[in-house]
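There are 2 protein chains.
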Amino acid sequence: MYVVVVYDIGELRVARMLKLCRKYLNWIQNSVFEGEITEVKLKEMLSKAREIMDLDYDSIIIFKSREHKWLDKQIVGVARSQIDNFL
Amino acid sequence: MYVVVVYDIGELRVARMLKLCRKYLNWIQNSVFEGEITEVKLKEMLSKAREIMDLDYDSIIIFKSREHKWLDKQIVGVARSQIDNFL
Numbered sequence: 001m002y003v004v005v006v007y008d009i010g011e012l013r014v015a016r017m018l019k020l021c022r023k024y025l026n027w028i029q030n031s032v033f034e035g036e037i038t039e040v041k042l043k044e045m046l047s048k049a050r051e052i053m054d055l056d057y058d059s060i061i062i063f064k065s066r067e068h069k070w071l072d073k074q075i076v077g078v079a080r081s082q083i084d085n086f087l
Numbered sequence: 001m002y003v004v005v006v007y008d009i010g011e012l013r014v015a016r017m018l019k020l021c022r023k024y025l026n027w028i029q030n031s032v033f034e035g036e037i038t039e040v041k042l043k044e045m046l047s048k049a050r051e052i053m054d055l056d057y058d059s060i061i062i063f064k065s066r067e068h069k070w071l072d073k074q075i076v077g078v079a080r081s082q083i084d085n086f087l
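Residue numbers (UniProt numbering), protein chains in the order written: chain A, 1 to 87; chain B, 1 to 87.
Calculated from the structure, these hints are not laboratory results. Just so you know, these numbers come straight off a predicted model, no measurement behind them. Incorrect hints may appear among the rest.
Stated by the list, open to error - Covered by chain A, according to a simulated footprint, are these stretches of chain B (three or more residues, beta-carbon under 8 Å):
1. 14–22
2. 28–38
3. 42–53
4. 69–77
Said to hold, decoys possible - Below, simulated DMTMM-like cross-link-like pairs (lysine to aspartate or glutamate); rule was C-alpha separation at most 20 Å, straight line:
5. A:48 / A:67
6. A:23 / A:51
7. A:69 / B:58
8. A:73 / B:8
9. A:64 / B:72
10. B:64 / B:11
11. A:43 / A:58
12. B:64 / A:51
13. A:73 / B:44
14. B:19 / A:67
15. B:48 / B:36
16. A:19 / B:39
17. A:73 / B:11
18. A:48 / A:8
19. B:43 / B:72
20. A:69 / B:44
21. B:48 / B:58
22. B:73 / A:11
23. B:41 / A:51
24. A:48 / A:72
25. A:19 / B:36
Unchecked claim - Partial chain B-side listing against chain A, Cβ under 10 Å, derived:
26. 1
27. 4
28. 7
29. 8
30. 9
31. 25
32. 65
33. 66
Ideal Cβ positions, reconstructed from N, Cα and C, are used throughout, including at glycine.
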C-alpha cells in the first residue's frame, strides 16, 4: 500500500521522529513522508513512533491508498526531496 | 475530488496561508488540510497561494484522490481538528 505520513511533534522529539520515519519512507517535505509500505512495517513504525511521542501533544496522520496510482501528487514551490539527497 | 494539502511556509507568510487554505479545506493538523474540492476551486486556491508564497523557499504539496473512499486516514495522538472547532 502507498502512504502519506505527516506529523506534528514537539521540538524535543522531532529529530528522533524524523530519523524513524526516514527508515521506512521517503522524506518529501519538512514533516511529510510518503512511500510504499506493508501493513506490518507500518504497524512496526507506528509502534516505535508511539514510544517517541507525547500522545497528549503530538500527532501523526497516515493517509493510506491501496494503489499508488490512485494518488496524484502536485508540488508548488520548492521540492524538498531534492534537498534530502544532499543530507 | 478529495485532496490532502500540506505546506511548509516561512513564518512571515504562514498566517496568510493558513487563512487561505481554511477557506477551501478542513484544517486537520498544523500545516495539513483535507477536503472535497473541485479542480477549478483548487486552481483558484493555488493561484492565491502563489501570491503569498516565496517560491524559492516555500512549498505546498497536494495529494489528489479521485474518490475519498480510496484514501483511508489513521490518526495517532492528538486530533487537531477537534481543537480547530474552538478557534
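>> Checking each numbered hint in turn, tell me which of them this model violates, lowest number first.
In response: Structure breaks hints 1, 5, 7, 10, 12, 14, 16, 17, 19, 20, 22, 23, 24, 25 and 31.
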